[in-house]
Amino acid sequence: MNETTQSKSEDWFEQATILDLQAAMSSGTLTAKELTLHYLQRIAVHNKQNSALNAVLEVNPDALQIAEAMDVERRLSGPRGPLHGVPVLLKDNIDTKDKMHTSAGTLALANSYAPRDSFVASQLRKAGAVLLGKTNLTEFANFMTEDMTNGYSSRGGQVLNPYGPGRLDVGGSSSGSGSAVAASLTAVAIGTETSGSILSPSSQNSVVGIKPTVGLVSRTGIIPIAFSQDTAGPMARSVTDATILLGALTGLDEEDPATWTSRGAARMDYTAHLQVDGLQGARIGVPRKVYYEDLPSDELEIMNRVVEELRASGAEVIDGVDIPTAGSLNGYTVLLYEFKPALNAYLSKLDGTVPVHSLQEVIEFNETHKDVTLKYGQTILVEAESLSG
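The opening position of the sequence shown corresponds to residue 0 in numbering that gives the first Met the number 0, with each subsequent residue numbered one higher.
No wet-lab data here; the hints were simulated from the structure.
Heads up, a few of these hints could be off.
Below, in silico cross-link-like pairs of lysine-lysine (DSSO-like), each with a Cα-Cα straight-line distance of 27 Å or less [to be verified]: (1) Lys348 with Lys125; (2) Lys47 with Lys374; (3) Lys348 with Lys98; (4) Lys98 with Lys125; (5) Lys125 with Lys96; (6) Lys96 with Lys47; (7) Lys98 with Lys47; (8) Lys7 with Lys47; (9) Lys339 with Lys374; (10) Lys348 with Lys96; (11) Lys339 with Lys369; (12) Lys96 with Lys339; (13) Lys369 with Lys47; (14) Lys348 with Lys369.
The structure presented is a predicted model; accordingly, all values stated were derived computationally and were not measured.
Take the sequences, apply the hints, and build the full model.
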């Protein structure tokens, strides 16, 4: 690192936003290669040593080379945009056609290399981002067994919350992405969500997560649960960074019909909507029954404070909205029926070196290697296999 880079404190790197990083790289006081090396060093220290967060499943062996190429491009033609040279971690159910695996945390796919980039990875590369590595997750995005612990996978082990390793829940299923962002092992990260898998770890690790409307971000090349609800989304240490990252992920994908509905509506820059008075006049309902009635008193106090802050920001809050069917709404059944055909379609495209090409073969692989694959069981996988053709 150059002398100016060395003078930047750990606190600076932990607090730096994407815009701060861009300003430093534009002024020559930081390079993408130096920034990438900084995060690789933090991963080496905090991921398996010290607190052993276990947030990062593997690093991209080409990360420094990519960063160096982005530095050369910046010198010759300027930055592509706000993500130019910025390291990004991706959840390990998002395909990247490189030297990294895509496994959803399962040992059955531990040696699987994606045949091509996911749409998300492709968009990040186009934006000039440095794909830093893959993050650990709750195995199969927490659709393997009801007894699974948040953040555990057979391939990666247990992800820990950096604010209370082994004591505080890390959330799931994008556990590694949330933990890594909170511990400043990366500038930003990508998670995926079917039902809470971005928002839960974001909340538990005190970072910002956005679950986009289904179709705003393509699902192509993401190991699926249910196409009706799956999406990838940004996770960051600030709202602005999450907003910048969201813009890079959007785009029309001819292979994903859901994105066709965003034609003309998707934007590459959402930062114009970051307005102090952005909630002025908004009507927001708060359904207390079912959703909040069982909260512990300390969490309920936080929730009540949030409601008051929404009001103070100019929103009209309808507190106590009654949704008569709230107790009977259960998307889980939909997920069970969609999972098998969606996963089978994904697995069928993998090459012959991968030992599984269907959900049934995943179940059989796990049974054969149950000492290392079935710590918590696979009841959901078995049920999904039995329900759909």
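Evaluation of the provided hints:
1. Lys348 with Lys125: With Cα atoms ~24 Å apart, lysine 348 and lysine 125 stay inside 27 Å; holds.
2. Lys47 with Lys374: Distance of about 21 Å is within 27 Å: holds.
3. Lys348 with Lys98: holds, 18 Å
4. Lys98 with Lys125: holds, 18 Å
5. Lys125 with Lys96: OK: lysine 125 and lysine 96 at ~14 Å, within 27 Å.
6. Lys96 with Lys47: Holds: lysine 96 and lysine 47 sit about 26 Å apart, inside 27 Å.
7. Lys98 with Lys47: holds, 21 Å
8. Lys7 with Lys47: Answer holds: lysine 7 to lysine 47 is near 25 Å, not above 27 Å.
9. Lys339 with Lys374: holds, 22 Å
10. Lys348 with Lys96: holds, 14 Å
11. Lys339 with Lys369: Satisfied, since the Cα-Cα distance of roughly 21 Å is no more than 27 Å.
12. Lys96 with Lys339: This hinted pair holds, its Cα atoms lying about 24 Å apart.
13. Lys369 with Lys47: holds, 25 Å
14. Lys348 with Lys369: holds, 25 Å
Consistency note: the structure conflicts with none of the earlier hints.
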